[in-house]
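Per my numbering, the very first residue in the sequence shown carries number 50; after that it's consecutive.
What the hints contain is simulated information worked out from the structure, not anything from laboratory work. Predicted model, so just to flag it, every value in this text is computed and none were measured. Certain hints may be false.
What the hints assert, rightly or not - Below 25 Å or equal to it, Euclidean Cα-Cα: the simulated SDA-like pairs (lysine to any residue) are: (1) K113 to G68; (2) K196 to H224; (3) K113 to E131; (4) K113 to K196; (5) K196 to A147.
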Amino acid sequence: MAEIYTPAAGETPVLRYEGLTVSRCAPLARLSFRGRAPAQEAIASVLGTALPQTPLTAAVSGSKAALWLGPDEWLLLAPEAELDAFQAAAESAVSGLAASVTDISHRQDAVLVSGAKAVWLLNTGVFLDLSPAAFPVGMVTRTLCHKAEVVLWRIAEDSFVLESWRSFLPYVLEHMEDAALELGAKAPA
50 MAEIYTPAAG
60 ETPVLRYEGL
70 TVSRCAPLAR
80 LSFRGRAPAQ
90 EAIASVLGTA
100 LPQTPLTAAV
110 SGSKAALWLG
120 PDEWLLLAPE
130 AELDAFQAAA
140 ESAVSGLAAS
150 VTDISHRQDA
160 VLVSGAKAVW
170 LLNTGVFLDL
180 SPAAFPVGMV
190 TRTLCHKAEV
200 VLWRIAEDSF
210 VLESWRSFLP
220 YVLEHMEDAA
230 LELGAKAPA
């Protein structure tokens, strides 16, 4: 569903245990978009798909994605190599409209939490029902993980992307590593 979120090339997973892997994601272009109907339609032309209008959902088109964060707010994603062209196209599309497009690529980072124990690990710091019935594949939300604001997106039955401000990610990962000790997990050497 979200092929743009892949483990960083050549990087060892942060945490690996039977049924659980936490890997840093490859860098992405991230734009914060705020705007109403006319601007939303203009951005859709850049993404190749309409922005999700249903709360807590995402829309994916090829190598680009839009995550719903609020009634007029989306996180737009694309491969890092496309940042300049992606931002220029988005800004051009909404030029003259009441909207904002802000590059936040260097503010955030992401990890991929996957495996049979992914929900267990995430629930040590995210106090939401992450069962498939309550948090199905494709659902995205802004929430807290161990007191740090994150964006959590379920991209497969046993895979989640956790987006965090880059400065908070070490804190979140430390808590994940501590929790994983209960499973007997060890950080890769």
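Going down the list of hints, with the structure as the test:
1. With a C-alpha separation of about 29 Å, the suggested pair K113 and G68 falls outside the 25 Å cut-off, and the hint is violated.
2. The straight-line distance between the Cα atoms of K196 and H224 is roughly 11 Å, inside the 25 Å bound, and the hint therefore holds.
3. A hinted pair counts as satisfied when its Cα atoms are at most 25 Å apart, and K113 with E131 qualifies at roughly 10 Å.
4. Between K113 and K196, the direct Cα distance comes to roughly 29 Å. Violation of the 25 Å bound is thereby established for this hinted pair.
5. Between K196 and A147, the direct Cα distance comes to roughly 33 Å. Violation of the 25 Å bound is thereby established for this hinted pair.
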